[in-house]
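Asker: Can you make the complete structure from the sequences, with help from the hints?
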Amino acid sequence: MQTLLSDDFRAGFDTTNTWQILGEAGGEFPQGDGVVTTSAAGLDVTPGGRNAVTGEPAFRTTTGQQDDGGHGSGDHGKWLAFPRATASSGTPGFDVPATGALTCTTRVSGRTYGTERHPFGAAVANPDTDVRLASAAVVTADFDTKAIFDFSVINNRIFAIYERLPEAGKTYAAYSYAIPVAERTPGEYATLQVRLEGGGTRVSWKVNGKTVLSTDRIGTRAFDRKYMILDHGGTEERLKLKQLTCGFGLFTVLDAAAGPQGKALVKLDSTPDFYFAPRVGSPTPQTFVDEESRPESRLWGQGASIDVRYARIAREN
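Counting in this note's numbering, the sequence shown runs from 3 upward without gaps.
Heads up, none of these hints are tricks.
With a cut-off of at most 25 Å between alpha-carbon atoms, the simulated DMTMM-like pairs for lysine to aspartate or glutamate come out as follows:
(1) K208 x D146
(2) K172 x E239
(3) K148 x D97
(4) K265 x D70
(5) K265 x D226
(6) K148 x E239
(7) K242 x E318
(8) K148 x E238
(9) K172 x D275
(10) K244 x D146
(11) K208 x E318
(12) K208 x D46
(13) K212 x E185
(14) K208 x E190
(15) K265 x D130
(16) K228 x D218
(17) K242 x D146
(18) K244 x E199
(19) K208 x D130
(20) K148 x D275
(21) K148 x D218
(22) K208 x D226
(23) K228 x D292
(24) K244 x E318
(25) K208 x D9
(26) K265 x E169
(27) K148 x D226
(28) K228 x E185
(29) K244 x D97
(30) K228 x E169
(31) K228 x D130
(32) K242 x E199
(33) K212 x E190
To be clear, the hints were calculated from the coordinates, so they are not data collected in a lab.
Answerer: What follows is the structure, encoded as structure tokens:
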């Protein structure tokens, strides 16, 4: 095994040499909506705001639809950090080996706050198992192809996230899946690993050493539509990834669907033909509880925090 990065954060969170925070350049929160602390136990990231009623951590940053001067689905990311590493292609991350595997392993805990006070009524069955309202995430990404393999951690559940993000002007299939892979309690730690092998053609998700999900159809709608939370249409294409980077962050995904009917919460993005109904696909449009992306639908005092004991990136035989 070749260790490419290993950090237990006992020496602090080094954003000069090891990590970089992807904030909003020139915005109100250039370092993202998170306050970072470190100790002998690792790293903690908590939103900088406070719920006016409970005093619990709460997100502060949000953005509206493009028609209102906002950044649309850019509302998803609240705080995100990746390694300062560049693959041989010039893309952020680490080269995928021709044989063996590139692995991203993180010992992590997370929890959400204030999600029970959401404004969506019966559209949310259980705020402690609904990944849309707030989450802590371990993020594994290829910035070139926009292929993403994550874990989202909320109070009572861990989800494997499989997605390909949309890109303006491109016609490839863009989608997001959230597949429940483990139950948990708030504060409970788990060792989460994403493993890319087959020369960049096969990905697996592991929880505490056990494989819980895998596919060798990267770039396609590889799983059952009942787990799809976003569908942006497009044509499937099989991908072979050249590089991958691994980080962690805090998120909301309020434009996502859930449940048998696939109702979504907030229409974050006003781009025409951006959303299709995940249960059936294009050309059926997605419907939302809030079609206008009102500010009070995006922030109501909810938040999430993440605790990271260690993060390791390696090439394995």
